[in-house]
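J.: What follows is each chain in one-letter form.
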Amino acid sequence: MFTFIEMEFLKLKRSKIFLLSLMGAILPPLLMFIAVTSFDEGQTFEALFTNVNMYMSAMFAVLIFTIIISYLFGREYNEHTLKTMLTIPISRAKFLVSKYIMFLVWIVILTVVTSMSTLIFGFAAGLDGFSVNLFAKSFAQLLYANVLLFLTFSPFVFISLFITNMVPAMVGGAGLSLVNLLVYGQNWAPFVPWVCPYLIASGEIAEYSTSITVSYGIILATFVIGLVISYIYFTKTDVAL
Amino acid sequence: MADYVIETNNLSKIYSKNKVVNSVNMHVEKGKIYGLLGKNGAGKTTTMCMLLNLTYPSSGDIFLFGKDPKRHSDEIYSNIGSIIETPGFYENLTAYENLKIISKIRGDFNPYNVNAVLQMVNLDNEKSKKYKDFSLGMKQRLGIAAAIMHSPELLILDEPINGLDPFGIKEIRALLKRLSHEFGITILISSHILSEIENIADVIGFMDEGVLIEEISREELYNKLEKHVEFEVSDIDLALNIFKELELKENKDFTCNKENGTICLYTHLSMRDKFNALFVKAGIDVKKVNLCEENLEEFFTRFVSNN
Numbered sequence: 001m002f003t004f005i006e007m008e009f010l011k012l013k014r015s016k017i018f019l020l021s022l023m024g025a026i027l028p029p030l031l032m033f034i035a036v037t038s039f040d041e042g043q044t045f046e047a048l049f050t051n052v053n054m055y056m057s058a059m060f061a062v063l064i065f066t067i068i069i070s071y072l073f074g075r076e077y078n079e080h081t082l083k084t085m086l087t088i089p090i091s092r093a094k095f096l097v098s099k100y101i102m103f104l105v106w107i108v109i110l111t112v113v114t115s116m117s118t119l120i121f122g123f124a125a126g127l128d129g130f131s132v133n134l135f136a137k138s139f140a141q142l143l144y145a146n147v148l149l150f151l152t153f154s155p156f157v158f159i160s161l162f163i164t165n166m167v168p169a170m171v172g173g174a175g176l177s178l179v180n181l182l183v184y185g186q187n188w189a190p191f192v193p194w195v196c197p198y199l200i201a202s203g204e205i206a207e208y209s210t211s212i213t214v215s216y217g218i219i220l221a222t223f224v225i226g227l228v229i230s231y232i233y234f235t236k237t238d239v240a241l
Numbered sequence: 001m002a003d004y005v006i007e008t009n010n011l012s013k014i015y016s017k018n019k020v021v022n023s024v025n026m027h028v029e030k031g032k033i034y035g036l037l038g039k040n041g042a043g044k045t046t047t048m049c050m051l052l053n054l055t056y057p058s059s060g061d062i063f064l065f066g067k068d069p070k071r072h073s074d075e076i077y078s079n080i081g082s083i084i085e086t087p088g089f090y091e092n093l094t095a096y097e098n099l100k101i102i103s104k105i106r107g108d109f110n111p112y113n114v115n116a117v118l119q120m121v122n123l124d125n126e127k128s129k130k131y132k133d134f135s136l137g138m139k140q141r142l143g144i145a146a147a148i149m150h151s152p153e154l155l156i157l158d159e160p161i162n163g164l165d166p167f168g169i170k171e172i173r174a175l176l177k178r179l180s181h182e183f184g185i186t187i188l189i190s191s192h193i194l195s196e197i198e199n200i201a202d203v204i205g206f207m208d209e210g211v212l213i214e215e216i217s218r219e220e221l222y223n224k225l226e227k228h229v230e231f232e233v234s235d236i237d238l239a240l241n242i243f244k245e246l247e248l249k250e251n252k253d254f255t256c257n258k259e260n261g262t263i264c265l266y267t268h269l270s271m272r273d274k275f276n277a278l279f280v281k282a283g284i285d286v287k288k289v290n291l292c293e294e295n296l297e298e299f300f301t302r303f304v305s306n307n
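Protein chains in written order, with the numbering used here: chain A, 1 to 241; chain B, 1 to 307.
Next comes chain A alone, as it looks inside the complex (with noise of 0.2 Å):
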């Protein structure tokens, strides 16, 4: 499996996709720092911290991870190489797993570099009150808010199969960041796949009356359910040449 994740990488040298993707993993600090710079003087690192975590794992995440998945797995029909992975042979279910993976890789990835960039916006903003354990909870809490979200995502890999033109990814991810923040703050927000794992890791669930563990639940099930339709869909179906 480690030789498909090095490939994985292999593949994505001199990607604009994945240059773009750090960009956009940048855009939330960079937002926030320029937010802070022009209208909020005082602010301290752990309010641009939280405000990082939240624009980005309850916004901005999931217009980029729709992005990511539709690429992932789109490209290797769009540029014909997905019969010349599987005539290798690959089995089926290893291709869709090293995605899987390769996918939670490039989610790490941008949660360090957004992570980075935060703690260097801050520094570069003059922002006070910052600690090493401030830096890593904030860390913890997005990584983790963004692996919970990486769970959701599983019905999108069977939507970057179906259909693998980039395009619909790119205006479904969009139309469901403005969802996320249509949900965010109503009663029912904890129901809602997207929008529970920020809930979760931010620890604003408790606000909510609904239990920790329906959320759980029904990040579990879409992550299952995403996964089941995927592996039957990509198994049993022809491969487009």
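Worth flagging that the hints you see were computed from the coordinates, not collected in a lab.
Treat each hint with caution, since some may be false.
Stated by the list, open to error - Chain A is faced by these chain B residues, among others (derived, beta-carbon under 10 Å):
1. S73
2. I80
3. K104
4. I105
Said to hold, decoys possible - Here are the simulated EDC-like pairs of lysine to aspartate or glutamate, each with C-alpha atoms no more than 20 Å apart in a straight line:
5. A/K16 <-> B/D133
6. A/K16 <-> B/E91
7. A/K13 <-> B/E91
8. B/K17 <-> B/E209
9. A/K13 <-> B/E126
10. A/K236 <-> B/D61
11. B/K127 <-> A/E79
12. B/K249 <-> B/E232
13. B/K104 <-> A/E6
14. B/K227 <-> B/E298
15. B/K17 <-> A/D238
16. A/K94 <-> B/E75
17. A/K13 <-> B/D133
18. B/K70 <-> A/D238
19. B/K132 <-> A/E79
20. B/K104 <-> A/E8
21. B/K19 <-> A/D238
22. B/K67 <-> B/E153
Ideal placement from N, C-alpha and C gives every residue a C-beta, glycine not left out.
Got chain A sorted already, so can you dock chain B onto it with the hints?
T.: Frame of chain A; chain B shown alone:
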């Protein structure tokens, strides 16, 4: 009993009531080049995709190297190199990087092998060029390099000369012949270009509308090609009288074209010298005597329409 590397039994594929491959019984012998010949849409690519497990058969059986690929998938497919339609490679990567990915995943990466195979297809000077900047011919060569890189025992090549210039076609043809004759690699190659198959294949399978009409060796094919002798004479009526006196029947043994003064003889070909002598003796000026053979294109057209 022949040692078949590929054998199919009533292999069929149905797409929404449309039977694109219909009960194909294919037999590819070890070490032979098998040319699968057919028009566009005849079912060649679908058949090859089923052999490579890219497309699932609706019914029928496949045996590769005498084994069921469903049960011995890894063992079988790691011994096969293939190109299906346009080769698929990562556009942002170079030729070398693309081959590296394939061989690393296969678990046999060796930089020397990658360079050697690029040299074999004359891409060694282009190995640092990105795939998206390749010409169609270069893409096809890289596809062939990827297919042969792991020294497979079987090559399944779907229209591999598409996009190649005449020099490229000649080189690839020579390479495939060498792989087959020197290294004993079995090759299944499809094409709609009749002359290409004729030039390279030991056995030819004729496919039309999803049906494998016949499998025939090149020698058998040449025996089946219709031959005739064409006489161009100064006095066609006198020549026809001579044929009739010899009890040869028009439209059966011969046909004539009075406008250009030619007679085509389909039977008694070995007696053409004697007929020529009789014409000359009767004072007919024989301008031309040609032994004509039906080419593969004419044969294919006749064969498909008869079947």
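J.: Each hint should be assessed against the structure and marked as holding or not.
T.: Hint-by-hint comparison with the structure:
Annotation: B/S73 was flagged as interfacial toward chain A, and the flag holds, the nearest CB pair being 7 Å apart, inside 10 Å. Using the Cβ-Cβ criterion of 10 Å, the hint placing B/I80 at the interface with chain A is satisfied: the shortest such distance is roughly 7 Å. The restraint placing B/K104 at the interface with chain A holds, with a minimum CB-CB distance near 6 Å, inside the 10 Å limit. Proximity of B/I105 to chain A holds as hinted, the smallest CB-CB distance being about 5 Å (cut-off 10 Å).
Taken as a hint, the A/K16 and B/D133 pair is honoured in the structure, with Cα atoms around 16 Å apart against an allowance of 20 Å. A hinted pair counts as satisfied when its Cα atoms are at most 20 Å apart, and A/K16 with B/E91 qualifies at roughly 12 Å. Between A/K13 and B/E91 the CA atoms are separated by roughly 10 Å; this keeps the pair inside 20 Å, and the hint holds. Among the hinted pairs, B/K17 with B/E209 is consistent with the structure: their alpha-carbon atoms are about 14 Å apart, no more than 20 Å.
For the hint pairing A/K13 with B/E126, the CA-to-CA distance comes to about 18 Å; that is within 20 Å, so the pair holds. With a C-alpha separation of about 17 Å, the suggested pairing of A/K236 with B/D61 holds against the 20 Å cut-off. Straight-line distance between C-alpha atoms of B/K127 and A/E79 comes to about 19 Å, which keeps the hinted pair within the 20 Å bound. Annotation: proposed proximity of B/K249 to B/E232 holds, straight-line Cα distance about 18 Å (limit 20 Å).
Pair hint B/K104 plus A/E6 holds up; C-alpha atoms about 9 Å apart against a cutoff of 20 Å. With a CA separation close to 11 Å, the supplied pair B/K227 and B/E298 stays within the 20 Å bound. At roughly 16 Å between alpha-carbon atoms, B/K17 and A/D238 fall within 20 Å of each other, so this suggested pair holds. Proposed proximity of A/K94 and B/E75 is supported: the alpha carbons are some 16 Å apart, at most 20 Å.
Distance check on the hinted pair: A/K13 and B/D133 sit about 16 Å apart at the alpha-carbon level, within 20 Å; holds. Taking the CA atoms of B/K70 and A/D238, the gap is about 15 Å. The hint holds against a cut of 20 Å. Under the criterion of a C-alpha separation no larger than 20 Å, the hint pairing B/K132 with A/E79 is consistent with the structure, at around 10 Å. This hinted pair checks out: B/K104 and A/E8 have alpha carbons roughly 11 Å apart, not beyond 20 Å.
Between B/K19 and A/D238 the alpha-carbon distance is near 15 Å, which keeps this suggested pair within the 20 Å criterion. Restraint check for B/K67 and B/E153: satisfied, since their Cα atoms lie roughly 14 Å apart, inside the 20 Å limit.
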